[in-house]
Structure formats: structure tokens, C-alpha cells
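Trainee: Sequence:
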Amino acid sequence: MESSAPFGEGSAIITHWASNPKTHTPLMNEMLMGLVLETLSKNDIRPPVPKLNQQLIKQEVTETWIDWSEIPYTHPSDSSFTFIDLFAGIGGIRIAMQASGGRCVFSSEWDSSAQKTYFSNFGEVPYGDIRNIPKSEIPDHDVLCAGFPCQPFSLAGVSKKNSLGRKHGFEDLTQGTLFFEIKEILREKKPKAFLLENVKNLVSHDNGKTFSIIMQTLEEQLGYVVHWAIVDGANWVPQHRERIYIVGFDPAQINIRKEDILIPLHPENGYRKPKLADFIQPNVKGHTLGNGTWNALLRHRDRHSKKGNGFGFALINTPIADDEVTRTISARYHKDGAEILIEQPGDYPRRLTVHEAMQLQGFDPERFIFPVSRTQAYKQIGNSVVIPAISSTARNIADVLASQSMLEM
1 MESSAPFGEG SAIITHWASN PKTHTPLMNE MLMGLVLETL SKNDIRPPVP KLNQQLIKQE
61 VTETWIDWSE IPYTHPSDSS FTFIDLFAGI GGIRIAMQAS GGRCVFSSEW DSSAQKTYFS
121 NFGEVPYGDI RNIPKSEIPD HDVLCAGFPC QPFSLAGVSK KNSLGRKHGF EDLTQGTLFF
181 EIKEILREKK PKAFLLENVK NLVSHDNGKT FSIIMQTLEE QLGYVVHWAI VDGANWVPQH
241 RERIYIVGFD PAQINIRKED ILIPLHPENG YRKPKLADFI QPNVKGHTLG NGTWNALLRH
301 RDRHSKKGNG FGFALINTPI ADDEVTRTIS ARYHKDGAEI LIEQPGDYPR RLTVHEAMQL
361 QGFDPERFIF PVSRTQAYKQ IGNSVVIPAI SSTARNIADV LASQSMLEM
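Per this note's numbering, residue 1 is the first one in the sequence shown, and the count goes up by one each step.
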């Protein structure tokens, strides 16, 4: 599969090198390094990094090459561990890991629109197809993070592929094999820990065979101590979103038992869960459903109801109750908004705005940037993670790494 980077794979190389100049950059060679240095030496040509310092320093490359003040989510000033961000989407897991003291040294995401959003927020263009990156060239790191593609394992994906007579899961010779890219990176780089995120249905797919293969690979083939849990984001944000988190540690580097690996199912004491009413705005323009779309939803609901099925749109009534929790927002939300509609007395319901939708996932609408169309923003939000929930697990991983470092001192 060809990379679909908005700036080309060369920009992934340049921005990775610029943000981590002292770390090995995948696919960087002497010829390309020469071109990079030549580019940096010309005031009239700038690589796609905000405010690059044009002063050329050949002897010692430092982090002063980038003006990080223009980037919303910069590297932490005092990082305590390193991580890589695979199948990165728009960086939801990265935000959580950076907030826990991690420094990202490599990212990969093949979707060109998601790459644009990622670049706008982190100053880094992710590499494209991870299958095209030699595993030996990926920088050394402490934690591998991956929200690997869920389509082969999700209920919707399985149903669709069954109806088309197509294979899915580990029988799928395309997406289904992407887990094995993770396996090969773990085998080659042997990080201290990993954090994997996927849909809840991963556990039950193919009568449990898929998950059994994954666990066997992680525990028996690779030797990691592994724990997993189903986490509902509704405990952190007003959105029902169940996902599986899989956390593992290398026992050769981290002294830990399976039962001591913590994956919080609820926030820490002191966390204030936002209410849906906190960010649903009144008198929103431009998001009201048209007559045709609304009537189509009504017909679709009635047709399924007569068949005894449970399909139906989800209408949030106003005023919004304090304990209101929405359905799971999906990547198809832009089509009709059926899973989360806001009542508008005297008018048709409306979709969520992008600012409202992103807060269901825990994104900061005053900080996070979407440089893409509204349609693409909805897709990217629906494909992302509940950041506060991921953050709780990320903090526990960071604590384990820090504790091990203290023991080694």
C-alpha cells in the first residue's frame, strides 16, 4: 500500500528528525540528510515545520530547530520515558502519554486526512504504511502504543464482511495482519511495555480464537506479562464507549506480576466527570437535519421496530439530564448523526457540532486543531479514543516505569 502522506513521506522523515534530532530517524540516509541541511540553510525554502530556525548548525543539532510555542501539544519539558504511536489516528493516545511524561520518538498513520490533523497538533507528519518501515529502523523506545485497526474485529465490520462473503479477523490478508506488524516491532525492539486499544468485540470474535491468538503471541511467543480489561469511557465522559485495553510489561526489564498491572475502570479520586449539558450549546446554526434525512430516520426506525429489531436513532431531550450519557460516536457520524441527535423544540433535531463531539472523547476544543473539513473531523473523532480513560492507564504505566528506575538507582 502506498503512503498517502499529505506532504509526502519525505516530510515525515524531516519532521521526525527535526523534533527528535538526537534519535535515529527511519529511512533517513546521507543523501537525504544532505538535502535536509541544504534546505535548512536557505531562507527562502522551509520544510513543513512551524518557524524553523534558519541558522544552520552542522556540528551539533539541537532542539532549537523548532519553535515549539506554535505547536499545541509539544513534547513534555522533562520526559521520563519514550514511546511510539502506531496506527496513531489524530493522536489521542499520544496526548495521554505525553501528559504522563512520555516523549514520542516515532509515529505512523496511513490516512492522509488524519496525518494533516496530527501534524497541526504535534508538529510531526506521521510515517505512512507501517509495513513499509523496516522494524530495525524504528527508534528504540520504552512503550509501544497502538490503537490498531478495529474493522476486522468489530461487530459492524464482521457483519459487513460476512454479508459480502469476505474473510475477516486473522483470515483477512490485509487489515487482519496488521497486528503482526505490532508483534514484529515488539520482537525486534523489545520495549519495556506496551498499550494496545481495540473494540470490545475483539475478545469474542471468531468464538474467542482471534483474541486467543493475540494473547498467545504476546505472552508465549514474546514473553510479556499481560493484563487486559474492558473499559467504558462513560466513567470519564458522558459517552458510552467500551474498549479493550491490553497492557504488557517485559519481565526481563520490569519486575511485575500480572495481578499488579493496573487498568483503571474508573477515574482517580478528585476527577470531575463533565456533564453532557456542560458543552452542548444552545441555538446552534447549520447542524439541523433536513426534512428528508429526519423522515428517513423515522421510516428506518419504524421498519426495524416492526421486525423486532432494536435499531433507532438516539435523541437527547432538552433540558439535558445531569446523568445523560450518549451512545458511542462512530466514524459515520457525519452521515446522519443518528447515534446522537440533540432535540430542538419547534424544529428538527440537530447533529453535534465538531466542538461538542470532540469533548465526548475528552479533547480540549480550545487547544486541539482540526485543519480538515467537518466531515473528516467527525470521522477522526469517531475513530479516536476517550483521552481521560487512556490517561488513567497511561499514568499507571508511567508509575511502573518510574518505580523500576528508582529500584535500579
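Worth double-checking, as some hints may not be accurate.
To be verified - In silico lysine-lysine, PhoX-like type, Cα no more than 20 Å apart, as pairs:
1. K190 - K258
2. K285 - K335
3. K209 - K183
Unchecked claim - Using C-beta positions, here's what the derived DEER-type ranges look like:
4. Q221 - R332: 21 to 29 Å
5. R367 - N295: 15 to 23 Å
6. F180 - P345: 48 to 56 Å
7. L262 - Q216: 41 to 49 Å
8. K258 - N295: 34 to 42 Å
9. L265 - S305: 32 to 40 Å
10. P345 - G312: 38 to 46 Å
11. A402 - K209: 14 to 22 Å
It is worth saying that the hints were derived from the structure and are not from the lab.
Since we're looking at a predicted model, the values are computed, not measured.
No residue lacks a Cβ here, since even glycine has one placed at the ideal position from N, Cα and C.
Trainee: Are there hints from earlier that the structure breaks, and if so, what are their numbers?
Mentor: 4, 5, 7, 8, 10, 11
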